[in-house]
Amino acid sequence: MVVVVLGAPGTILRSVMRSKMTALLQQPGYEEERLQRVAEKLPCRDVQAGLLLSLMGQPQQYSFPSIFIYGHRASGKSHVLQVLLKELELPHATVSCVECVSVVLLFEQVLLSFFGCDAASLLPRSPSLSDFVRVYRQQCSQSPAKQTRYIVMEKAELLRDTDANLLPALLRLQELVEDNVTVILLSEIVWDKFRPNTGCFEPLLLHFPDYSKGELQQILSQDRHPSYSAEFYSSYINILLGVFYSVCRDLRELRHLAALNFSKFCEPLAEGKVKDTDTHKLWRNIEPHLKKAMQTVYLREVSSLQWEQMQQMEEKETGTVRGLSAHTHVELPYYSKFLLIAAYLASYNPARTDKRFFVKHHGKIKKTNFLKKNEKTSNHLLGPKPFPLDRLLAIFYSVVDSRVAPTASIFSQISSLVTLQLLTKVSQGDLLDAPKFKCAVSLDFICAISRTVNFEILKYLYDFL
Amino acid sequence: MSKRKVGAAHMPVGECITQVQEILRQRFCRQRVPDRPGGVEAQHKHLLGLLKRTAVHGESNSVLIVGPRGAGKTMLLKCVLRDLMEEKEVQKNLLQVHLNGLLQTDDRIALKEITRQLSLENVVGDKVFGSFSENLVFLLEALKKGDRSSSRPVLFVLDEFDLFAHHKNQTLLYNLFDVSQSAQTPIAVVGLTCRLDVLELLEKRVKSRFSHRQIHLLSSLTFPQYLERVQTQLSLPDDFPDENFAQNWNSSIKAVCEDKSVRDVLQRHFNSSKDHRTMNMLLMLCLSRVSVSKPTIKPADVLEASRMCFSDAKANMLHGLSILELCLIIAMKHLNDIYEGEPFNLQMVHNGADGFFC
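Each protein sequence line maps, in turn, to chains F and C. First residue of the first sequence? That's 1 in the UniProt record's numbering, and the numbers climb one at a time after it. First residue of the second sequence? That's 1 in the UniProt record's numbering, and the numbers climb one at a time after it.
Treat the hints with care, since some could be wrong.
Claimed, not checked - Pairs of lysine-lysine residues, derived as DSBU-like cross-links and limited to a Cα-Cα distance of at most 35 Å, are as follows:
id	chain 1	residue 1	chain 2	residue 2
1	C	112	F	155
2	F	146	C	333
3	F	41	C	314
4	F	292	F	273
5	C	333	F	193
6	F	360	F	292
Stated by the list, open to error - Some but not every residue of chain C turned toward chain F, in silico, with C-beta under 7 Å:
id	residue
7	19
8	22
9	27
10	30
11	104
12	313
13	323
14	324
15	326
16	346
17	348
Just so you know, the hints here were simulated from the structure itself, not pulled from any lab data. Just so it is clear, the structure is predicted and the values come from calculations on it, not from any experiment. We put the beta carbon where it would ideally sit given N, CA and C, even for glycine.
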């Protein structure tokens, strides 16, 4: 698994790539050096940037009324657009649909970006789309567009949940307001899931493909620490990608992991044990840490600070990473344990099997049509089912061997179990005399508890029959 | 930015390309109205006659233009209006109100829009009306000419007509058709819709007041006609400043359209949809590959554009998944097949995918 990075020294490689990139980004109507700056800021996205640029055409020409760009998370969609629009100084309005809880915010943002705050204040109290189009037309007749105006909408999948007329109207905004405006929608979801029932103006579909392994290497090597050489950092990135590429291709996540684990990687170098070209030893040092870090991909169970602290003291302990999901053992009173066991049985056994498990002389149980289609799935996979309080108590009385009186102390123990979040209350608000609960503990936990009271829970579970 | 072409040329290539882009973009993106509508002459004549009768002779009419998306309904209407406005009398008298079902989602909003477009805000002022019909009648009365003898004809264009049928009680439609049936003011109501079953959306009382006149725009293009249209769309007009360049361009377009692979591609597009919009999208993608360094359209451009149009979006997205995510998707597919579409949760998928993880 050791890959030694061989290559020309960084500077020559970089300048060759720069000229290759700028050769692709040529468009009359924009200045050369601006295009060059754009190309430098967009590594590995030159094809897409070139395509976008050629669709945009010269600033004063019309462009297609709506463009839909889709691609995975962190594939550079917003980044490319922002760089293009900012560097080339084109009039644009960027709106994130997450922020637009109501359409008013969208309208105001667009009018503000194009026509200033006076225009935004012309909108009436709760404007409809009709008002927005009217104000836009008024403003645009006063200040017509000399360059194409762009409205960029990020997270466009949220537009599907707004009014049904918003998405079709935005797609043909150019026609409705009779102005040189193009709407660009960015989303992670494919266009087929957006199309309204009666159809709409179809936008131009552009795909931003995912980065390949080489491209990821190139991009990640760019944020290297200045005090280390480029080869050293790219060998680190190589190792990192080798471990994580099959699990995660998200650029953001990989950058986070690279930043998090770099200090550990450099540790032997700082201690003077290893030279920076000795990749084999560095690999042996970092490998167990990366394997441990695999558990925290995407999860962020521990904050970066905690992670670094844990790294420092990890030589002493050999346990697994204990994030929030690891329960510490809770000491419960005797009857509470049995209540919890009874709750677990009530959640994971179907109600019709109670008679068989808990009644002393149940007689013959007919094997009726037990085998329904979803019998194949064990109840443990489907999650806990809600049960009424009466059922819990019935199971509890049959499970506890001594005679227990139904006093208030038993009921208060149930409430404390709910407070400890070992049980969850699921009843609807107004049914006070028939509360329903669910058991929220895992099988391992309940096995540990039942071992402490010498109760064989596996014999009572339907899934383990 | 412009290169000087060697040889006799009126304009440098860069300028020519800019002009070409300008003209063609107006056609594809802005959907500029062509001089003569192709293939819809009968419908054009019918609609023109109808509107002329309203505008000149004061006869009320209503008509629905029905056709699938991209069939050219708005283009037809714009053509007809442009031809209509050439007559001086019509230009002086006819008032137009354009409503859109996407924008005017409510009858109240629609009424305000009508007031605004007829420039009668001052006349209405702060009046409060009892009902919708009172308001509408008041508006139409206000349009009477000075000598109070007759009212100016009004043309109501309702885009996305089917959305108006979803308003409460269909008040706007009822009143408009009512006015068109009673001889109060000469109005013409033109509705454009993509739904073929639009009449079933109308209430009984609305339907009875409608004249049941429908103009259908169901495209009956044959493939040779489609090819011709592609060629005309891409060709430069005769009044292009640089004749030499225009001739070269047009002949190269002709050569491209006769190329075998391009024909196959266009046949595939023709088989999936014949309407203007998809054609415009394809041609726009071809146009975006024209630049100063490559000043013509080649067959490879059309092939590449077609490939972009037909690319499978879901396959593209699947390509970008990591191996772990792919394992989960395979497990989900298995579960879907085993349980025939019953819902499943993450726990089940994880169990099923355990076999893939070593």
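### Query
Which numbered hints does this structure break?
2, 6, 7, 9, 15, 16
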